[in-house]
Each structure stands twice: as C-alpha cells, then as structure tokens.
Amino acid sequence: MSETPDPAGTAVADRGRAAVEAVLQGRSRSAAAISLLREAALLPVLAVLIVVGTFVNSAFLTVSNISGIGQQISALGVVVVGESLILLIGGMDLSLEGTFGLAPMVGAWLIVPVAAFGAGTVLNPYLGILIVLAVGAAVGLVNGVLIVKGRLNGFIVTLGMTIVLAGLQNGIVKGNTLFNLPAAFSYLGSAYLGKVPVSLVVTVIIFAGTGLFLRYHRIGRAIYAVGGNRDAARAAGIKVDRIRLGVYVAGSILAAIGGLMEAGRVSAVTGQQGYQEGIIFAVFAAAVIGGVSLQGGRGNMVGAASGVILLGLVQNILDLANAPNYWIEAIDGTVILFALVMARVIGGEATAE
Amino acid sequence: MTEDQVRAASAAVPAAEAAGIHKQFGSTQALRGVDLTLWPGRCLGLVGRNGAGKSTLVSILSGIYPADRGAVRFDGAPAPALGAAGAWRRQIATVFQHSMVVPSLTVAENVFLGRQPQRAGLVDWRQMRDQAAQIMAEWGFSIDVNLACADLTVEQRQIVEIARALAAGTRCLLLDEPTAALERAGIERLFARVRQLTANGVAILYISHHLEEVFEICQDVAVIRDGELVLTGAATGLSKDELVSAMVGPNVAATRADLAPGGARPRGPATPAPEPCLVVDHVSSDSPGGRVTDVSLEVRPGERVGVTGLLSAGVATLARIVAGAAPYETGRVLVGGTGPAPGRRDLNLKAGVGYIPEDRQAEGFVAALSVAENATMTITDWLARVAGFLRPSTRAAAAAPLARRLSIVSAGLSQTTGELSGGNQQKVTVARALARQPRLIVAITPTRGVDVASKSLLLAELARVSDETGAGLLLASDELDDLVICDRVIVLVRGERFTEFTEPPFDREALIAASEGMARDADPPPDSDSEESR
Chain A
1 MSETPDPAGT AVADRGRAAV EAVLQGRSRS AAAISLLREA ALLPVLAVLI VVGTFVNSAF
61 LTVSNISGIG QQISALGVVV VGESLILLIG GMDLSLEGTF GLAPMVGAWL IVPVAAFGAG
121 TVLNPYLGIL IVLAVGAAVG LVNGVLIVKG RLNGFIVTLG MTIVLAGLQN GIVKGNTLFN
181 LPAAFSYLGS AYLGKVPVSL VVTVIIFAGT GLFLRYHRIG RAIYAVGGNR DAARAAGIKV
241 DRIRLGVYVA GSILAAIGGL MEAGRVSAVT GQQGYQEGII FAVFAAAVIG GVSLQGGRGN
301 MVGAASGVIL LGLVQNILDL ANAPNYWIEA IDGTVILFAL VMARVIGGEA TAE
Chain B
1001 MTEDQVRAAS AAVPAAEAAG IHKQFGSTQA LRGVDLTLWP GRCLGLVGRN GAGKSTLVSI
1061 LSGIYPADRG AVRFDGAPAP ALGAAGAWRR QIATVFQHSM VVPSLTVAEN VFLGRQPQRA
1121 GLVDWRQMRD QAAQIMAEWG FSIDVNLACA DLTVEQRQIV EIARALAAGT RCLLLDEPTA
1181 ALERAGIERL FARVRQLTAN GVAILYISHH LEEVFEICQD VAVIRDGELV LTGAATGLSK
1241 DELVSAMVGP NVAATRADLA PGGARPRGPA TPAPEPCLVV DHVSSDSPGG RVTDVSLEVR
1301 PGERVGVTGL LSAGVATLAR IVAGAAPYET GRVLVGGTGP APGRRDLNLK AGVGYIPEDR
1361 QAEGFVAALS VAENATMTIT DWLARVAGFL RPSTRAAAAA PLARRLSIVS AGLSQTTGEL
1421 SGGNQQKVTV ARALARQPRL IVAITPTRGV DVASKSLLLA ELARVSDETG AGLLLASDEL
1481 DDLVICDRVI VLVRGERFTE FTEPPFDREA LIAASEGMAR DADPPPDSDS EESR
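Just so you know, the sequences run in chain order A and B.
Per the numbering used here, residue 1 is the first one in the first sequence, and the count goes up by one each step.
Per the numbering used here, residue 1001 is the first one in the second sequence, and the count goes up by one each step.
Same shape as in the complex, but just chain A:
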C-alpha cells in the first residue's frame, strides 16, 4: 500500500501548523537521535572488535599498530568514497579496481627510468601525479558516456572496462613491476606527519569533505535525489545526466588517488595492482556494510567510513592472531557477513543524509 498510517481529520489544520512550528524550532530531538543511532549502527561492532583485538594481542592497542591500520585502509577508503558516490546515484562501477591499478601504473611508467621498467620519458614526478588523475578522469568519462549517454548497463560496461584496464596495465609493463618511484610520487602513500600517515590524513579529509558536500551542497543533495528517484529528480529540473556523468568521473578520480596511495605504500606498481587483491570486493563490502544502498539514494559517509574501519580491524586482528593462512579468507568473509547482519539489525535501513 502506498498510503502509510497518517492521521488526517478533524485537527488537520492544527496538526499541520504544529508540525510546521516544530520544524521551525529545529529538527526534533528524537528524530536526530534516531538518525545518529542509524549512522552509528556499526559502532558496537567496532567496539567489540577493538576489545577482541586487545585480548588477541597486546600490540593491538599501540600507536604504531593503529597508525599502521590507518595507512593500510587509507587507499581502500578513498576508493570506497568513489564507489559510494556511484552507488548513491544508483550506479555501480566494478572498474574502479582497474583504475586503481592502471592510473598509478601509467603515471609511474612515464616517470621512472628504463632500468626500472619505465617508458624512458622520465617525466617530472609531479606531472606524473597529474597523469594519474587524468587517467582516472578519462576512464570515468568513458564509463559515464557509455552508461549515461549510451544507455548501456553499468554492470556490464564496467565489467568489460575492468578487463580492458587490467589487460592494459599488465600489457604496458609486460608483467614487470615498476620500482624506484621518486619520493614525490610515493609521498602520499608512504610519508608520515609525526606518527600519523599522510595517507590517513588525506583520506579523513576526503571522507569529511565528501560527507559535508553530500549533506550540504546542492549537487550533493541532487545526488541523493537522482539515486532515490531519477524521474522525479528530472521532473524537478535537476540535470540528471550531467550529475551521473560527473559522479562516474569523480569516482574514477578517487580510485586513481587510492591507487597512488597504494603505490606509494608499497613503493612499487605491479602489473596486477588492484585486481590481484580483488580490491573491488572489499570496496563493495565496506560500502554495503556501511549502509550504502545498492539501489541508490541511501547511505552516507559516516557509514562508509565505519565499513572501511571494520574491514581494516578484522584484517589486522587476523594478522595479529596469526590466523592460519589457508583459512584467513574464510574467516574474513564470515566476519563481513556477520557485520552486515549486525548493521541491519541495529540500524535498519540507511537514511539519505
């Protein structure tokens, strides 16, 4: 039934007026509390994990371990922001995995010497970083044009794109690993500000900035409208196609930044960075655990961030517990499923805020 319980009747006018006044006095306290509860749905799970981690290994709650987790999840986190944006407009992009590998690879290829399997152009590393971003933007643009203008299915387009990108990535360096990355290129992924990794700082800024943008910017709100009901958004005069296209480009650029962080962290770019680890599964898991709806229009950055942190903690605890290597993925997957159920039980459906 489309009609939900909703009292009309004798006191319609009074009630309406009261409601309006309640709103003018600011959002009601209970509604705010509920929304906070939903956004923080994963907090109990994270708390349990921290307790478990503390018991598993005394090294867990140390500054160096925590900052290590931070550095490890930063690259993933940036890609999750990109995927979340794309999920919010009701799309999906599998090829962020390919962009995550190809973009830093092309950048590095053009700046490292031939001896390190470079192209021989040995460009300025800063130019290389720009190229990384440009490759991300280009991939997103191609995806976006095919999906939005060409009206092709996003799942299939980006699945095909993933394979193309992975093939290019491996083909350009013929399976070799690029190393000897200049300091400027690997700064983002490897440098520390005191004890805090630069990548973590940048990732937190990206999460916070994107979160504020989504909540308070007209385009951010339009993203929710487009994902929630594309036709209604169009009827309200929102430039639906332009926003979808823009989000595909933004998502790919974020994936390229994530790839740059990863390259810096490991000081190399392999021919398989991205799809070797199957990073796209972790990206989807984090976003969905964090309450970003696969149907579009629902989810927020607080949730997405907690999804990323959860995956990082689980990985770290399994490492510290010396979990048997052959079983680590099964355990990892089980914990993810468990977290998904917990998040739903506690938080219900994610909100559009």
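Hint data in this document are derived by calculation from the structure and do not stem from the laboratory.
Be careful, since some hints might not be right.
Derived EDC-like pairs (lysine to aspartate or glutamate); straight-line CA-CA distance at most 20 Å [as the list claims (entries may be wrong)]:
#1 B:K1350 with B:D1381
#2 A:K149 with B:D1346
#3 A:K239 with B:D1346
#4 B:K1240 with B:E1213
#5 B:K1350 with B:E1275
#6 B:K1240 with B:E1479
#7 B:K1240 with B:E1212
#8 A:K239 with B:D1381
#9 B:K1240 with B:E1177
#10 B:K1350 with A:D231
#11 B:K1240 with B:E1216
#12 A:K149 with A:D241
#13 B:K1350 with A:D241
#14 A:K149 with A:D231
#15 B:K1240 with B:D1481
Here are some chain A residues the structure puts well away from chain B; computed CB gaps all over 10 Å [what the hints assert, rightly or not]:
#16 A47
#17 S64
#18 I66
#19 A116
#20 A137
#21 K174
#22 G175
#23 F179
#24 Y192
#25 V201
#26 V202
#27 T270
#28 L294
In this text, a Cβ means the ideal position worked out from N, Cα and C, and glycines have one as well.
Fit chain B to the known structure of chain A by using the hints.
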C-alpha cells in the same frame, strides 16, 4: 434495507467481518474500533479522506499487518494466521491501485501465480492454460490467456487480477481505487463486471474517492474518518452531501465553502491581453503514450486553460512537452518568449515552468528524502549561499509556508516523503512546482487519488496562485471536476485539437461528448446548473 433484512436475504453468514479493529502506528492511532461487515452478493463502498485509515483497514483485512485489538472473520470462522498468505488469499483478495501483475508472464501464469497446477512436480502448462481460459469464460472476461501481461491494457491487467482472485476460490474482493487508471468506457465495463460478480454472490469492498461511482454500484456505504466508521448505511438512503460532511467532519465543514473553487471566478474589467506566457505552435509528437498532432494554443498570464480528452488522446503528452519532460518532433514551444530545447526539463524550469507530473509515484517526489527537501528541490540554486552550499534549516524555512498553505499533514517537514499518505505526497509534488514561483504551471491530473476536501484545496490553491502571481495554468486532466477552475477548456481527440469551450461553467455532458469526438458544436448550452458542473 436494514442490516437484519440483508442478513435474512443473504442467508446469514458475512463473507468477511472486522470487529472492533484497533491499530496504532507509533503515536498515531490509525484505527479505533472499526466494525465492518461484507455480505455475499453486496458491494460496500468505503469512502474517507486521505489518511483517514482506509488503507490501514484494507491492509488488516488482507492480512498484511495484524490488528492491535479486534478480530477478522471470514465466513464466520476466525481469520488464518498472519503468515499464512495462501490461506488469506483464498478468503479475500485485494486489487490495488497499482497493478500487481508480472508483466513478463502470460495471463494464465499470472492467474495461477504461485499456485500453478502441477503434474509430477512440474508445472502442468496445458492444464494451467485450460483452467485460466475456463475462469475467463465462466465470468465472461474475454482475454487470451496466452498473451504476455505486458501487452495488456491497464483495464485488462485489472481483469487478470480479479480472475486470479476468483481462481483461488476467493469470494470476497477488495477493490482499491479501481477506476483511477481507467477510461470512461473502461469504467462502465468495470461496473458491469462488479454487478455481475455481486449477482453471483461475491462480496465486494469498493474504495473510491469518486462518490458518484459509489452511488452507482454500491448497495451500502461506510464512511471512515480519523480511524473510526462515522457513517454506515444503505446507499439509497444517503445523499452525496451527507457523505461529504461525514468524511470531512464537523470542524472542517465550516471552512469547506472557502476552499471550494467557486466555478467561474469574477472577471475583472477587460484588460488588454498581455503577451502570452506560453505559445504552442503547431507541435507534433509521436509519443507512444498518446500522440500529438499539429496542436497550437496560447496561455496568457493569469489565464487558466484546461486540456482534456480520453487517456490516449495525447492530453498528458502535450502537457509533458510543454513542461519539457518529453521531446517533440516538429513545431515550437515558447515560454515567456523563449524556446527552451525540447525535452530539457532543467532549462524549462529556468524558463519559469512549474510542473506537476501525472504519476506522482514515478516523478512527483523522492520517497527517501524529506518533505522539505522535496518541496524545495526546484529552488536549491536560490537557497544556496556560498559556492552552492545550503543548510537543511534554510530548506525547511522555505518549505514551511508552502506546507502551511497546502495543509501538508506530516510529522514534521523532516519526515521522509515516502511515509506520507498519497494525498499528502501529491501536495508535496504541488509544493515543489509552486516553490519557484513559476510564470506557467503545467499540471497533469493534479487531484488524482486525492480526497474530496484536499481536491478542493489543491484546485483552490492553483487558482489562487494564478490570480495572485499572474502565472498561467495549463491543466491537463480527464477528471472533469478539475476543469472547474479553468477559463477555457481545449478538447483533444486522437492527439488533435478537436474543439474549445470558452465560457465557464462548462457543461459536463458536452465535455464528455467532445472527448469522445462527438458534437463539434463548441459552446455549451447556457443552462449548466452547478450540481452538474461540480
């Protein structure tokens, strides 16, 4: 007929009975002690305003949610357990406003959906087709059971749903706004079907906002208001006015006169005609939803122009073209002298066109977003401060006056729009269109599925806006009640401009005749009494 006589006539046991039903949602008491009885062979009309509790009652009778207190009985026996969907469906079936058939399956498959006849564990296709055809023949429905439901008309899909209920052995039907998507001839056929079903002993609960329909086919009427049945009785003993005042209640009744659009408005001194705010110049479009062929019209500031015709006549297509929601192949549409690109709703909005789309579920609002956000979705550029950022409180403040004027009933402007009742969702859609202070409002069937009082309120608000701001109104509707506020009405037949009525009040019969392509004679007879034109 009194209830005792009914009982005697239909041999005792009610087909379905709700006794003392209470239902609460959060702090909202949706139903307070409702008693409702459906007798075999009788059609009971249930009327009430949006949010009065009709849908909750239907959901409880259909076993979608449990009652907090009270009991549901079928044929005198207690209702099946809530989870036993199959058992409920054998007792009672609901035909909802929105079609519940699976488009990609055939008619026969839909009739036997979820309970296909089987042989050796596999679907027995031949038997399924034969049985479906037999049911169609038995009840006099003529639909080929091998067609895919996607190829059926709305009316035929409704028949499939009724046939599905009958095939399950159900002798108790709930029809929820069954005429909302039907053309006039389809409605007549539906009525014939309802009469035939009741003649064969089926009990029907008929829910409608159209009181004439209730009087036409229902033997009994029940009025629900604020979760209580405030009036029940035989239809013959009640007048339309009695029903309306029962629906609206004592408090609001006094203000009803103010809300009602009072037919033709007083005409001011004949001012020289200003430049038209809308020029449609020889526009043609091949839209599958109803083609438009070589239509021209103009709307001047403050003028209210109705466009009507049969569903397939291109009325909605024309309005969508003007709103920039649909492309057109030839011709020109000028808004305020400029011609936004065809099919570009965003440019059209900037040019000053407010749009109230036909299907509010599909295009009217974003269900997951708040009332305030939906209502102000068209003006985020105005509300934004630095670099496109805007605060939710700004939106709430901008939405508040609209919500007040349109009496949107919500738990607050931050409530998600999907949680509102249908009528209130429609008001949100209207608020969204009016927020930008349009120079031209394009409204397509703006009162569909909206209760009587809200209908008057919406129409009065559209009229008020056009009077006060000088906005032109293009009102495309096949509901003749909507056209009351118009200064003139253009009738389309098969996508072409057929005739125009320029003198309100418009004669109902003449409008209907013109929609059917009859009586090209433009001006209506002078004596259109107010009862007819309402």
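Hints, verified against the model:
1. Our distance criterion of 20 Å between C-alpha atoms is met by B:K1350 and B:D1381, whose separation comes to about 10 Å.
2. With a C-alpha separation of about 17 Å, the suggested pairing of A:K149 with B:D1346 holds against the 20 Å cut-off.
3. Annotation: proposed proximity of A:K239 to B:D1346 holds, straight-line Cα distance about 6 Å (limit 20 Å).
4. At most 20 Å may separate the alpha-carbon atoms for a hinted pair to count; B:K1240 and B:E1213 meet this at roughly 11 Å.
5. A distance of roughly 19 Å separates the Cα atoms of B:K1350 and B:E1275; the hinted pair therefore holds under the 20 Å criterion.
6. Taking the CA atoms of B:K1240 and B:E1479, the gap is about 18 Å. The hint holds against a cut of 20 Å.
7. Taking the CA atoms of B:K1240 and B:E1212, the gap is about 8 Å. The hint holds against a cut of 20 Å.
8. Note on A:K239 and B:D1381: the hinted pairing holds, with a Cα-Cα distance of about 13 Å set against a maximum of 20 Å.
9. Under the criterion of a C-alpha separation no larger than 20 Å, the hint pairing B:K1240 with B:E1177 is consistent with the structure, at around 18 Å.
10. Distance check on the hinted pair: B:K1350 and A:D231 sit about 18 Å apart at the alpha-carbon level, within 20 Å; holds.
11. Between B:K1240 and B:E1216 the CA atoms are separated by roughly 12 Å; this keeps the pair inside 20 Å, and the hint holds.
12. The suggested pairing of A:K149 with A:D241 holds, with an alpha-carbon distance near 8 Å, which does not exceed 20 Å.
13. A hinted pair counts as satisfied when its Cα atoms are at most 20 Å apart, and B:K1350 with A:D241 qualifies at roughly 17 Å.
14. Restraint check for A:K149 and A:D231: the C-alpha separation of about 16 Å stays at or below 20 Å, so the hint holds.
15. For the hint linking B:K1240 to B:D1481, the alpha-carbon distance of about 15 Å falls within 20 Å, and the restraint holds.
16. Every CB of chain B is more than 10 Å from the CB of A:A47 (nearest about 29 Å), matching its label as outside the interface.
17. Listed as outside the interface, A:S64 is consistent with that label: its C-beta sits roughly 38 Å from the nearest C-beta of chain B, beyond the 10 Å cut-off.
18. A:I66, annotated as away from the interface, keeps every beta carbon of chain B farther than 10 Å; the closest lies near 33 Å.
19. For A:A116, the condition that its CB be more than 10 Å from all CB atoms of chain B holds, with the nearest at approximately 42 Å.
20. A cut-off of 10 Å between C-beta atoms confirms that A:A137 is not in contact with chain B; the least separation is 21 Å.
21. Under the 10 Å C-beta cut-off, the non-interface status given to A:K174 relative to chain B holds; the minimum distance is some 46 Å.
22. Every CB of chain B is more than 10 Å from the CB of A:G175 (nearest about 46 Å), matching its label as outside the interface.
23. Residue-level check passed: A:F179 sits 42 Å from the nearest beta carbon of chain B, beyond 10 Å.
24. Its beta-carbon lying about 32 Å from the closest one in chain B, A:Y192 satisfies the requirement of being farther than 10 Å from that chain.
25. The Cβ of A:V201 sits about 23 Å from the closest Cβ of chain B, beyond the 10 Å cut-off, so the non-interface label holds.
26. The claim that A:V202 is not at the interface with chain B holds, since no C-beta of that chain comes within 10 Å of its own (minimum 21 Å).
27. No beta-carbon of chain B is positioned within 10 Å of the beta-carbon of A:T270; the least distance is around 40 Å.
28. Against chain B, the non-interface label of A:L294 holds: every CB pair exceeds 10 Å, the least being about 14 Å.
When held up to the earlier numbered hints, the structure conflicts with none and fits them all.
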